[in-house]
Amino acid sequence: MIAVRRVAGKPGGLLLTLFLASLLIFFSRFLVPGDPVDFLLRGRKPSPEAIAEVTAQYGLDLPPWQQYLDWVGGILQGDFGRSLQYRQDVTTVIGDRLPVTLGLVVMAGLMIAIAGLGFGTIAALNRGRSGDRLVLIALTVLAAIPSFVGSIVLIAVFSVQLGWFPSFGSGEGFWDTVYHLVLPSVALAIVFTVLVAKVTRSAMVEQLVREHVEVATSRGLSRGAVVGRHVFRNALWPIVTVSGILVAGLLVASAIVESAFGLAGMGSLLVQSVDRLDFPVVQAIVLLVVTAFVVVNAIVDVLEPWIDPRTAAGAGAR
Amino acid sequence: MTRRTLPRALAATAAAAAIALVAGGCAASDTPEKKPVEWKLSATTPAPAGDIDSFTWASYAEPFSLDYAYAFDYADNQILSNVCESLLRLNPDFTLSPGLAESYEHPTPETFVYTIREGVTFHDGTPLTAADVVASMNRHLDPAVGSFWYSAYQNVTSIEQTGDRQVTVTLAVPGEQFNLAMGSSAGVIESAATLAAKGADYGNSTGGVNCTGPFELADWKSGESITLKRYDGYWDASLKAKAAEVTFVFMADPTARVNALASGDVDGSWLVPSSAVQQLQNSKAGDMYFGLTSAVGSLVVSNLQGPLGDLKVRQALMMALDRKGILDAAGSGIGEVTNVLTTKSVWVGADAGAVDSAFTDVEPYDYDLAAAKKLVEDAGVAGEEVTIVTAPISGEFAVISQATAAALESIGLKAKIESITPGAYTTMFSDPSAREGVDLFYTNWYLSSPDPLEMYGVLRTGEFSNYGGWSDPEFDEVVNTAMAIDDPAARSAETAKAQQIANAQLPWLPLYTAPTTLFLGTRITGAAPSIAYLYYPWAATIGAR
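Protein sequences appear in the order of chains A and B. Using our numbering, the first residue of the first sequence is number 1, and each one after it goes up by one. Using our numbering, the first residue of the second sequence is number 1001, and each one after it goes up by one.
Only chain B is shown next, with the shape it has when bound in the complex:
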């Protein structure tokens, strides 16, 4: 039962923050009369006409660190994915392919044997060896490092070099979940010599990194920008960078970001605020793209001792939430209402029938106020109070908390909205005491591996991110069974059951899923709009338009 509770909770908040920042107060004031934003999913953007000297990219925040052990967020990973590479590669379509491991074997249910690729060099020119792999991976097990990706490694008992170019990972429990995480930052490989030389400064703006990716870190102007330059010794000809240089500028202010994109000062950005999408679409500054996501926005039920402890009340709230209206107001209508906690994108290698059943044989919770009121009366909790916690992270947060409060009031409950700082909001994801007295909070939770079990593993009894302490023995059984199955198709049949149980029991209330947003200015093209940009060297594919 490998389990990965990635730090994406935080990431989610930050991402939302980014989105929200730009959305600013506008989202809340969006009028229903406003024409909905037109959008359609794309898998790619037009191929570049050729190489380009340089381009600039806007990021809503500066990475705290480029140390892969702490790269857990949009700001860090969108840069790191171009500089550092993992054992496996998570592609824009969310499939995994060989990366720094040219192949791997799974000889016993508890072991993975990775064969390290030959001819790969780090940015300082030294060759990649099995010893680098062992050193890089072992850091996640070192308490002094305090890796954010520890959960991906928590069942690992040993990481050893077992051949000239071979590394064997032994697990305490059977299952493929560990390997599935090797396409994310959990699988990044750094030079052992660099790790030793930089020590505590590894990955910060003075220490820097020395990896194998298509770009190397050239300059980190603290607080302002990071510049990458093409690494000429890059091993994979198909992903050799088309741009000689990329500069990431940190623009916390959403208005400033949109201005910079609209005026052509900056060439592109991920996480375009939904409220600015229409403006950018109408501008001549470039094109908006919408792509694959693995994130679902949901309300976490963090207290099962209160009124929401009764399933009838959770169902009632779902039926009282006008999720389409919330999506329109909070996300300019860009996205889809969902009844489940995963997106189809992460069901890679799944059985088609299982996917169909996981997404259609579920309760739709259509808007029905009368039935919802009745459920609350039946539960005997009418008039009780529910506390929603929110933070001024984005317009999205404001809209969702207000709409949830209105929905609660409309079915005979009292609602209280508590607004806390974004920092305090973040600690709710790690500190149980910060969640005391909190019944509901919003999160936009993304997955980092091509398997929906990553989501459902989190909701098992006693899990760190099972914030409400929800427990369902049948659900635990199903998830644990699924985790031990190596074949993705066979596994997906079990996972579908887990998805159906979560949909029926509502430990979290799924609201909607919004696509990954990408803006490319008129000078550049070539990136695939997909949330895989967090782990895939997307900037290498961008060239001149």
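Only chain A is shown next, with the shape it has when bound in the complex:
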């Protein structure tokens, strides 16, 4: 029942958040110096009529609020406008690149979940011992590697030296795509894995010293059952919460990895579009990332009662 109420309570807040985000995203472009038309003309000598004509074609001659209404109205009909750099519908431009980024984020997400939870658990169960220290040191070293450095090293070792993986491109078909995305996913996953592992470790350590765990252990339950039923389940909530935030981080961080591996994804598109004053594309991507973030966190909120029994019981610690 609580879960139902939580879901019902969401859409209003969700829509308000998206509305405010849309205002911020759209009008912030007027704070950026530079005229999109200058980019369209790119250093050539235009005829004055052409400047006026091109400005009108992209609706840049309208007052800002009118441009905003046209923009929002278009989005509600699935039309994000036209890219200034590619002279193409934004939906097409983004649609071409979305699968690459989603593939990358999903693969990196799986790696982060498996490795992050795994290393965190190993560290927590060995807390204070050498296994813990080893994992912590390794994580600290890994956390210090920026994605672009990771990418360069991975390419140098696994593509150029060993020739195991391709150094660029996203491949054709499912398995070839997976093969092409292995190295980029690893590069993307490293930093986030560290984060998840550290949260996992501290959440589990926190649980391990709690009374109910000691009680369970003293009752003679096996170590596996204790860890699985009592420690891990209670520790899961902070981990899921962090993971919700990670999704947005992954989408944004993919830019660097995509550039390094020559992947045509949303991240590299965003970076290019910002530099080229291609506002329709920038606005669409930012809106999509914000939406993804808001929706994922709404889902996390909805999942909370199932994950955290205390919330469901109405006796939550919060």
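Because the hints were derived from the structure by calculation, they are not lab data. These figures come from a predicted structure and were not determined experimentally.
Sample of chain A residues with no beta-carbon within 12 Å of chain B, all distances over it, derived:
id : residue
1  : Leu136
2  : Tyr179
3  : Glu211
4  : Ile239
5  : Asn297
6  : Pro305
A few chain B residues that face chain A, going by a derived Cβ cut-off under 7 Å, partial list only:
id : residue
7  : Thr1206
8  : Met1251
9  : Ala1252
10 : Pro1422
DEER-style ranges, computed between Cβ atoms:
id : chain 1 : residue 1 : chain 2 : residue 2 : range
11 : A       : Pro63     : B       : Ala1197   : 32 to 38 Å
12 : B       : Asp1219   : A       : Asp79     : 23 to 29 Å
13 : A       : Leu23     : B       : Glu1436   : 30 to 36 Å
14 : A       : Ala156    : B       : Lys1040   : 27 to 33 Å
15 : B       : Lys1240   : A       : Gly163    : 30 to 36 Å
All residues carry an ideal CB built from backbone N, CA and C; glycine is no exception.
Knowing the structure of chain A, use the given hints to seat chain B on it.
Same frame as chain A, but now just chain B:
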């Protein structure tokens, strides 16, 4: 006075970007002890042994569009030149020969009559007609298109079909400059039916193009690659493609590009970063070639109200710049220091004496710090500040801006380096307000026609790309006179005078010219290393090694 201010300013920045990207930060840290890179110019590469199924090519960027009206840059044109053809053909040696126009006449100083070649078909199989030519060319005059090549057409008053296979172009002013541009993307011909059918999507990754070149567009994987396949109905047997398929992969990251070339993942590339040349030369992955260029790297003097408004100060700066040192640091020494704004390659059909005079009867501006200091003192501007704008486009940009600042400081001026984004840098070439408060910026300016007047036309009073608002009535007079002369030899004598005036007055400060770079992997050969690759179907000549 036909005038063509091509959008190459931007192109230049982008190209430099490409070069620079690869150069990355390495160029700046190059040590003087490093052995200079060995290079020599080649006109060709070894002839191919035979046909090849396919090869891959690295490009530093994806074309924004393959619409010829917007093809103004290295990324667009290196692909388009294999797919779409122009009325005239710009050959690797920079001569013009018949293209889709099998011949042309110049009956009056203001008219050009093109006879359209018979037996040419578009990639969809439909035959080329005079109506296609009229439709294609008229797009440059349509404000709704906003053609990047408008300047090539700005003196055109009409483009009409005047016979079964005949198109007549009428100009407002006499001169051959319009015709000289017909070998570039300004002269590309597309099917009128395709233009009408595709509308606003013409040339983008969904709309595509339908031209007459040796390759047709097969697949455009947005953001990643473009694949061309051989067009079997191609009209010119001598340029029939030796490769059944070519794939261009877009690799913005310079390290990734060099890695891909070195590992053999990609078969070749233009615009090889100078910092990677030695690595590629030493690798067994293929061969480096250096070829004809039309580009000169120079500092644009964009403010004549400041200290650089005094000719003595511009001369002093030239004398204080260690241009050889800059070339070594910025371009690994690949290239030559120059005192003028054109390369000899564009002086096609010129009088030998005129060329000699244009390149040797000029001020050399040898490095002389004492004399330079004296000039600044004489000008009474010592201690004044000069603003240099640069962008993180390439190592080249960083080296040049730092060296220029050092040179200014060494002759008693103050220097300020402002770094802006590559996008903002680009707008300096189109928007006067973006140049406010800017005294100097670097550009690598290439020409798209076999005539040095293309360069000097830009520097006349009031011209769009005369960024500093420099004005010299004598220079304007000389350039205008030259533009009205049809005979290239006679014209070159006047152009030589324009070059000498620009060398003496320094509206821009010429630094150096670097050759076109080409890398061919061990599987392929046959392309001519020449900057004409922007307009000539170079990929058609590549086959198996």
